[in-house]
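*Asks:* Mind docking chain B on chain A? Use the hints.
There are 2 protein chains.
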Amino acid sequence: MAVGSATMPEHFHPVVGVRLGVASAGIKKPGRKDVVVIELAKGSRVAGIFTANQFCAAPVHVARDHLERGEPRYLLINTGNANAGTGERGMRDARACCEALAKAAQHEAHAVLPFSTGVIGEPLPVDRIVDALPQALADLSETHWPEAAAGIMTTDTRPKGSSRQLTLDGKIVNISGLSKGAGMICPNMATLLGFIATDVAIAPSVLQKLASELGEISFNRITVDGDTSTNDACMLIATGQAGVEIASVESEHYPILREALKEVFLELAHAIIRDGEGATKFVTVEVMGAAAQKEALDVAYTVAHSPLVKTALFASDPNWGRILAAVGRAGVEGLDLDAIEIYLGDVCLVRNGGRAEDYTEERGQAVMDQEEITIRIDLRRGTIEERVWTCDFSHDYVTINAEYRT
Amino acid sequence: MAVGSATMPEHFHPVVGVRLGVASAGIKKPGRKDVVVIELAKGSRVAGIFTANQFCAAPVHVARDHLERGEPRYLLINTGNANAGTGERGMRDARACCEALAKAAQHEAHAVLPFSTGVIGEPLPVDRIVDALPQALADLSETHWPEAAAGIMTTDTRPKGSSRQLTLDGKIVNISGLSKGAGMICPNMATLLGFIATDVAIAPSVLQKLASELGEISFNRITVDGDTSTNDACMLIATGQAGVEIASVESEHYPILREALKEVFLELAHAIIRDGEGATKFVTVEVMGAAAQKEALDVAYTVAHSPLVKTALFASDPNWGRILAAVGRAGVEGLDLDAIEIYLGDVCLVRNGGRAEDYTEERGQAVMDQEEITIRIDLRRGTIEERVWTCDFSHDYVTINAEYRT
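First to last, the protein sequences are chains A and B. When you line the first sequence up against the working numbering, it's residues 1 to 406, in that order. When you line the second sequence up against the working numbering, it's residues 407 to 812, in that order.
If you are wondering where the hints come from, they were derived from the structure by calculation, not from laboratory data. The structure displayed is predicted, hence computed values, not measured ones. Cβ coordinates follow ideal geometry from the N, Cα and C atoms, glycine included. Watch out, some of these pointers could steer you wrong.
As the list claims (entries may be wrong) - Across the chosen pairs, the derived CB separations fall in these ranges: (1) Asp537(B) - Asp338(A): 30 to 38 Å; (2) Arg64(A) - Glu768(B): 30 to 38 Å; (3) Glu505(B) - Ala292(A): 40 to 48 Å.
Same shape as in the complex, but just chain A (with noise of 0.2 Å):
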């Protein structure tokens, strides 16, 4: 199941300097492609951001100190296998897999960024992936974007792509990029994987910026089932091989770009949602008037995470009765009942203290069957707003979850 429109875009603009390849190395099921192999130009450069969960898995480890080093040329992604809860074997099972893509592509180790996904604690199986880097170092085309797509997947239903074409001082760039993930979605990363690439240079502290502060308004806003991974990473790379420069965030070019970036995160992260363990609507949880943004994420992460709330929402049962009460358990000190008022999608289901005077249940029926839904929730305190994605809790993700490794 999934919802909504395609999550792939219908053309992907190719970025110069970045080549993919896949092949099958048989991790999980015999004949599927799960490695991909993204090779990037001499030059290019990497940020990332990381799962916060302590337990991070031994390619995230690597990947960031092999991103610390610099110069990185090639990012190697297996499904299958996340190789985490492997202790010191699993660290050097990953350092196994970059030396032997590095030594097959005439790099140092360090050259090349591991990802990981897939079942937690079984070993990695480093020979069958070895002996897949031949086939994905031969496949390596700049058009090779959807069969990558494909190749990151695990439990998703469908491959995810966002794409994006435009003239900066006259010279065409391009943005394309990918994601991944169904279930164990969270705050602070997921098992989600996004590859967002540009061929615009930019400088290494301004990439950074984008990286961070565009990361934590799309994929740190999404939650399926409030479980954040072991293994998530998402990397924003500029090749620099489209011949616009971006040296700091006065340039004239800084905001057009970080707003094409922008679009490419959001549809990369929402088509997650899309996607989400057995979702049948895309939930949106806006917060306004709140006093900050704690209060606010509080808020709306107590919403999304409900499981009452995404039972009712599976049920299309404006049962506004659980919003409230999540909105009251959420931990906000000093929220008053009788100020806050809540909306679904334009309908208003509570002002003062209750619901709503004019709230029927036709009027909440209508919003409650349709696919995408706005929550929103007006603390009236203050000015801050926050906004998150989720999707509602259904028969098949309890079917996907129990029967996930079966």
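*Replies:* Here is chain B on its own, set in the frame of chain A:
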């Protein structure tokens, strides 16, 4: 569905000074016994703990207020309607029910403590409740504990009770209690109601201490879905009719009575988990070796709330990676993955940063196949222990909550 053994005692020991009566007001279903009156002898003392939800329901406000004014003689409980999210009207409705009962029983309105559970946001059908009061008063009996246990149920599939008899100071004293709740169950109370009575005379300060302490380690340590209700309340009643008095915690009988009360509180709280919506497993999450109570509880609740852990429990899948990931995202600073140990029953899952060397799927599966499961997490950095109870997350949970109002 429900887990494990019966949740009612073979015999309720009548508590001298307590009589219970039930009646049908047809609040949600015609003919259903949905109104319960508990009458307390003159001189009875009552201590209570209430929901931490900021938007607590009208009856919670009124019960708190009446409790402060002293001399409670009646508890009036209705199911089918929570009288929550009902604004000023809800307050008037709760008071009107108290006044009607007080008038019929020739007492002041503040001698009545009201409790409501059921759907949020619908006006309370005051007239029907008031009309049912004579029937409930006529039904009052020292032996109607089972009928009252059934009368306070909502989505519960089984009535819940616990009872003890002991001898203190050569005199027989009795403890009996009731609870209800199946969904919206979470720390800091839940859609749960608990009523525990003894005929021992207990000084007010001791009674409140017992209610708070025992409520904290029982009702406030259970979670079905992380949703804290607007209506929860747990009342500890001491009628003083048994001829035994506990004037202070220094009393020689205090530890004996406390232990018996603790057993009753725990049995009533566990009965709620055993009857958790859709529950097929009764799960104890034990955290030991913590440096502080907060971190022990943060870890325990993060595991107990994780939809991924709970669906794995439903599938009887020893998916220890999900437990590990939940511990890692619990927000505890400086956790050392290499130090912690995770057990499923007696089987060590995780040690030295990865899967325990002597772990086998067969051993994990043998524990998972049981109906009662303990997940033990030893953080190995302190001496604090905490324990919470939860159940698994099944298809029936979704079914129950997606269809509750239809």
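*Asks:* Please go over all the hints and tell whether each is borne out by the structure.
*Replies:* Going through the hints against the structure:
Taking 30 to 38 Å as the suggested C-beta distance range, the pair Asp537(B) and Asp338(A) conforms, at roughly 31 Å. With their beta carbons about 37 Å apart, Arg64(A) and Glu768(B) fall inside the hinted range of 30 to 38 Å. At roughly 42 Å, the beta carbons of Glu505(B) and Ala292(A) sit within the given window of 40 to 48 Å.
The structure is consistent with each of the numbered hints, conforming to all of them.
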